[in-house]
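**Q** Single-letter residue listing:
Number of protein chains: 2
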Amino acid sequence: MRAVRSCLVGLVAGVLALPSLAAPVRGDEGMWVFNNLPRKQLKERYGFEPTEAWIEHVMKSSVRFNSGGSGSFVSSNGLVLTNHHVGADTLHKVSTAEHDYYKEGFLAKTPADEPKAPDLELNVLQSIEDVTARVTAAVKPEMNPGEAFLARRAVIATIEKESLDKTGLRSDVVTLYQGGQYHLYRYKKYTDIRLVWAPEFDIAFFGGDPDNFEYPRYDLDACLFRAYENDQPAKIEHFLQWNPQGAAADELVFVSGHPGKTDRLNTMDALKFQRDVRAPYVLGMLRRMEIMLQQYSQDGEEQARIAKEDLFGVQNSRKAYLGQLGGLQDPAIMARKSAAEKSLRDKVNADPRMKQAYGGAWDKIAAAKKVHRENLVRAALLEQGRGFGGNLFPMARTLVRLAAENAKPNTARLPEYSDAGRSSLELQLYSTAPIYPDLELTKLTDSLGFLAEQLGAEDPLVEKVLAGKGPAARAAELLAGTKLQDVEERKKLAAGGQGAIDASTDTLIQLAKLVDPAARAVREVMEKQVTEVERQAYAQISKALFEIEGPSRYPDATFTLRLSFGTVKGYEENGQMVAPITNMGGAFEHANKHGNKAPWELPKSWHDKRSQIGAETAFNFVSTCDIIGGNSGSPVINRKGELVGLIFDGNIQSLVGDFIYDETQNRAVSVSSAAISEALRKIYNAGALADQLGK
Amino acid sequence: MRAVRSCLVGLVAGVLALPSLAAPVRGDEGMWVFNNLPRKQLKERYGFEPTEAWIEHVMKSSVRFNSGGSGSFVSSNGLVLTNHHVGADTLHKVSTAEHDYYKEGFLAKTPADEPKAPDLELNVLQSIEDVTARVTAAVKPEMNPGEAFLARRAVIATIEKESLDKTGLRSDVVTLYQGGQYHLYRYKKYTDIRLVWAPEFDIAFFGGDPDNFEYPRYDLDACLFRAYENDQPAKIEHFLQWNPQGAAADELVFVSGHPGKTDRLNTMDALKFQRDVRAPYVLGMLRRMEIMLQQYSQDGEEQARIAKEDLFGVQNSRKAYLGQLGGLQDPAIMARKSAAEKSLRDKVNADPRMKQAYGGAWDKIAAAKKVHRENLVRAALLEQGRGFGGNLFPMARTLVRLAAENAKPNTARLPEYSDAGRSSLELQLYSTAPIYPDLELTKLTDSLGFLAEQLGAEDPLVEKVLAGKGPAARAAELLAGTKLQDVEERKKLAAGGQGAIDASTDTLIQLAKLVDPAARAVREVMEKQVTEVERQAYAQISKALFEIEGPSRYPDATFTLRLSFGTVKGYEENGQMVAPITNMGGAFEHANKHGNKAPWELPKSWHDKRSQIGAETAFNFVSTCDIIGGNSGSPVINRKGELVGLIFDGNIQSLVGDFIYDETQNRAVSVSSAAISEALRKIYNAGALADQLGK
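Protein chains in written order, with numbering that gives the first Met the number 0: chain D, 0 to 694; chain G, 0 to 694.
Note that these hints are calculated values from the structure, not bench results.
Among the hints, a few may not be true.
The list treats identical chains as one, so a pair stands whether inside a single copy or across any two.
[Claimed, not checked] With a cut-off of at most 30 angstroms between alpha-carbon atoms, the simulated DSS-like pairs for lysine-lysine come out as follows: (1) 139 x 407; (2) 92 x 260; (3) 468 x 260; (4) 369 x 468; (5) 592 x 92; (6) 271 x 463; (7) 271 x 363; (8) 463 x 341; (9) 592 x 307; (10) 187 x 336; (11) 234 x 694; (12) 468 x 568; (13) 363 x 527.
Isolated chain D, as found in the complex (with noise of 0.2 angstroms):
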């Protein structure tokens, strides 16, 4: 499963998308957030009560990556355990040419031998405030839908800019039950990450896109980086004891990530949206992007390996939609729904006062939707940027904006500018990770193409775009005259404020300036007539759900922290019972099954080490989990609070999991720590590092 990656966040999460509540919990359904955990359920399910040190002790070990993706401290000196695919992002920008460690793998020897990560930031949580009584004492009742979004953007902005002066930790509002809560998160930041060990791309993809979101796997989908602070591996309180067995077949186990989005209780309107509209167009341009990377992958090997990650990342996307959409499409499962709805609309409707307060969100939520509709396709275009491909342009644009937003006082600008996320902001903008001119040219060029395509060549916005020549001439003009792919360039521009973004003659600052005024058009559509209309009816729902089925419900997943439970627990498919827990023995096996070749073709240090390594270590395994996208890299813990294993995917049963959990096939896959560490000692020659897990 994808992490929620930064470059693909407005496809995964929708940056103007809105998730919503969730049906009766079940099971072990649950992304729950720390202050509001299923005390109940976990008492009666499993016996077991956390306590407040076990608690704290869980959450302050669990990490952030903020490109998308979660991780765990698991060592006193800085040591985070994540993903391959988390790290991949990071891992392809420290390779070159000569040193591709994203494809052959990493280990440091020294600490002086850790190469910095050129922009990756990791949150740690430290506190939980909710702050639902400001921000809602700020949208008065008189207010239209425009004016309560500017007010409460306003609050907010205040909020965290308080927060930020008063504890010096990044402090971010977040909308929880779409509207019913607002919190207050503060996280402790690191900036200063370093790569330690990452083994080979074959392995940790073994089986490649074919065997993504399948079961039985073989994967190693683990890598370590070391977090910084002045220089020095940081000293870390909390950090989360290493079980070297792994997790047992029937063991209660936790999973304390970052799920990046769920829709669980979007109204029908909105899945119905979802799948007749967007999901569609997503998977459209999903396809294009991946035909696009492929076809560049082929002029060598070179260009193949400067795609890789990009492309893995699409296509992990692809298959991930394609499971969702089917969800939607399946009659059963959106009969489940309405059903649901059905109900709570009905409880609502047969008390007046209820129905007086809440009766009327679902057709204010279908109204918005056809807004949405109408404006989906501009906004992706112009605002996320998808007729603008590549990495330059999203910098121009970031700089254009930045002089204007900087202009107006903090509680008026958009978000991303705001002083309280400024630094983060810079941490992109300024970052040195390569820029490689010909991917930037056939990207640039596929999506001037798209953007013609979409909005017609002749609509006065394209033609000016294009400036009276094809896609391919104008992305070769446009790349020939900007210097922002220069560090220095982007901190002059910025430096300069709004008279050095005037004076440019930056081709893309140009391009960025003549797009923004209909970007940001779209997009006051979008906050105003979509985000702000859906907010408001969502919190109605969502007080209703509160009055008629108590306080014990989980927000949608936003990419903050939860805890989900569950048992390591096999499942049925297709008639046969797939067991829980896959061994070590068994990746030389799966690789025999497929000719022992790619994407089934194990590395040669495994093929060298065969003999010292224990074919009976535990590798990766099932639980019943609930997680989504975002939750990769999470760790899996138990009751004790040690590590015992690493969330990297769901299986394909879990990919309508966006919308709706089902206990009896959904499964979350892990590795187990048992083959991490394994691995580190006999196959990669990283018995030091072994030693300090955990330490």
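Since the structure of chain D is provided, determine the placement of chain G on it from the hints.
**A** The following block gives chain G in isolation, referenced to the frame of chain D:
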């Protein structure tokens, strides 16, 4: 370049789309009909005056592959030369998991070893008769477009039937100049076609998708079939002499083949429709198919074999469409087209009589394109069958329609069910080509999902089609309940007529019945409000052109026999001259340059015989001849009427050839006859076969 292949004909040529007229002819431009050859241009540019005997000989030596593609007779004992990729459909159909002739190549040691193609029909043009007056007379001025459409269809069916009864020849009334003229083409038909020789896929398509539409090239894209009559090799009077030296630089050459479809003089509104609506839509479908087939291929080696030919076809179309769209999105090209249109319209409007007679044509086409736009998706899904993928549904539909159409008089039937076309239809319907259940399931699942996406899952027809299931479950159910994979079952249903269809419990027959009313309805809208309106309007434009610019014009391509002419000549690309002729030694260098890795891996046979191959032997060459998809397999002929080459591709600059020809860079790519001779004798131990060529 891809031939116009049956499975993609709806995509590539647009079952319901109409081509149109061309701008002023320049240089070597033109795909000329054999009864209106460019004698003046040939004499003035090349001092060449073809005799009647030369023309008849070339015409009767030229072969149309009814599956989509061209070829030629090259021996008195029935040998037919075409491209490996034109023969691919048959190569694939006669292959099995044990013998993959498509991949590994094939050589029949004796005629007894030549495997028979299960459904291949070859056509050889015998005569052309102008029937414009009779067709036009059937359409009365007082008829509305719907009545006109039916009247024209009826008279065409009558003419074809009369001709078939009188001559026994396949008789097709062809619409030329988009309605300006109607000609009756009579073909001798061969339906017992057997495979004689094919090289390995790796040399036929050396360089694969990356090199497709590129130059220089090193491809042996050739194979040989043999036509049989009465179970004996056919005795052929007109076949081409074989020139073992191939074409020389600067030589005048001709291409005699069957270009599928061009749109050279589409009006600007029609071109913009193609640019903004149809081409993007088709590309979306192609990308979807490409990913689906790639995914299927990953399931194993046998799956890869099964899907390979489909996948190649889809990739080829995707690349061709992308090139075409690139041209349409180039404002400079569109400006040239626009200027030509303006010039013609100005001349028409300057003459009151012409203005009255022809002046309204352009607006009629614009109006038709609006209707086309509104119906494009339903027509693609329901009538062209994109919502019901695989080989079985089309058979079910044919059976359902056959029963219904047989009940009508010949003149009132859908044209593909007319008496004149019946035997060709039955050849396809009763094909013994293998049907692969899991590929059928993959395609049907994907296309039912596509149907639901495109029409919306709550469209009443979609709900009936899916019958309460998701696409995957419904596809499995449909395929479990059909016996149409059995040829005898198809014959039984066809013989049983409407009664058998009514009584059938076959799931796919029932599905075809369910869909048919809606499919026929959208077809009727397209025929009466688009096809007919455009035909009348383009006929007016055509007449205006003849009046203003004289009779020496060629009609747009219609998959009928055409003669192109040109010179073997290099061209300039990115400031470099590209030499016109490559040699066989260059293939080894090209492979080395790409690390001898797929798709640049030469077959073992080539490495084994490397020392015996004349490295200087001409391999591929380019010429200025004006060709398009469907010309694949066409013979390249010198002044003497000898075969000197075999068309197999166009360069990337030729991809705009659908609507514009530019002699500076547009090049047709051929295999030299020298390379075919050399390869047969030195590599494939087929000297005896080579000895038959031209004899």
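**Q** Against each hint, give a clear statement of whether it holds in the structure.
**A** Hint by hint, here is what the structure shows:
In this assembly of identical chains, the alpha carbons of residue 139 and residue 407 lie at most 30 angstroms apart only when taken from the same copy (23 angstroms versus 72 angstroms across copies). With identical chains, the CA atoms of residue 92 and residue 260 are at most 30 angstroms apart within one copy only, with a shortest distance of 26 angstroms there and 47 angstroms across copies. In this homomeric assembly, residue 468 and residue 260 come within 30 angstroms of each other (Cα to Cα) only across copies, at 27 angstroms, whereas the closest approach inside a single copy is 40 angstroms. In this assembly of identical chains, the alpha carbons of residue 369 and residue 468 lie at most 30 angstroms apart only when taken from different copies (27 angstroms versus 35 angstroms within one copy).
In the homo-oligomer, the alpha carbons of residue 592 and residue 92 lie at most 30 angstroms apart only across protomers (28 angstroms), although the nearest pairing inside one protomer, at 34 angstroms, exceeds that limit. Taking the closest pair of Cα atoms, residue 271 and residue 463 come within 30 angstroms of each other only across two copies (18 angstroms); inside a single copy the shortest separation is 35 angstroms, beyond that limit. Taking the closest pair of Cα atoms, residue 271 and residue 363 come within 30 angstroms of each other only inside a single copy of the chain (15 angstroms); across copies the shortest separation is 38 angstroms, beyond that limit. Taking the shortest alpha-carbon separations for residue 463 and residue 341, only the inter-copy value of 24 angstroms comes in at or below 30 angstroms, while the best intra-copy value is 49 angstroms.
For the identical chains of this complex, residue 592 and residue 307 are neighbours both inside a copy (25 angstroms) and across copies (22 angstroms), given an alpha-carbon limit of 30 angstroms. When the C-alpha separation of residue 187 and residue 336 is checked against a cutoff of 30 angstroms, the pair qualifies neither within a copy, at 39 angstroms, nor between copies, at 62 angstroms. With identical chains, the CA atoms of residue 234 and residue 694 are at most 30 angstroms apart within one copy only, with a shortest distance of 12 angstroms there and 88 angstroms across copies. In the homo-oligomer, the alpha carbons of residue 468 and residue 568 lie at most 30 angstroms apart only across protomers (29 angstroms), although the nearest pairing inside one protomer, at 59 angstroms, exceeds that limit.
For the identical chains of this complex, residue 363 and residue 527 are intra-copy neighbours only, at 13 angstroms inside a copy versus 42 angstroms across copies, given an alpha-carbon limit of 30 angstroms.
Checked against the numbered hints above, the structure breaks only hint 10 and satisfies the rest.
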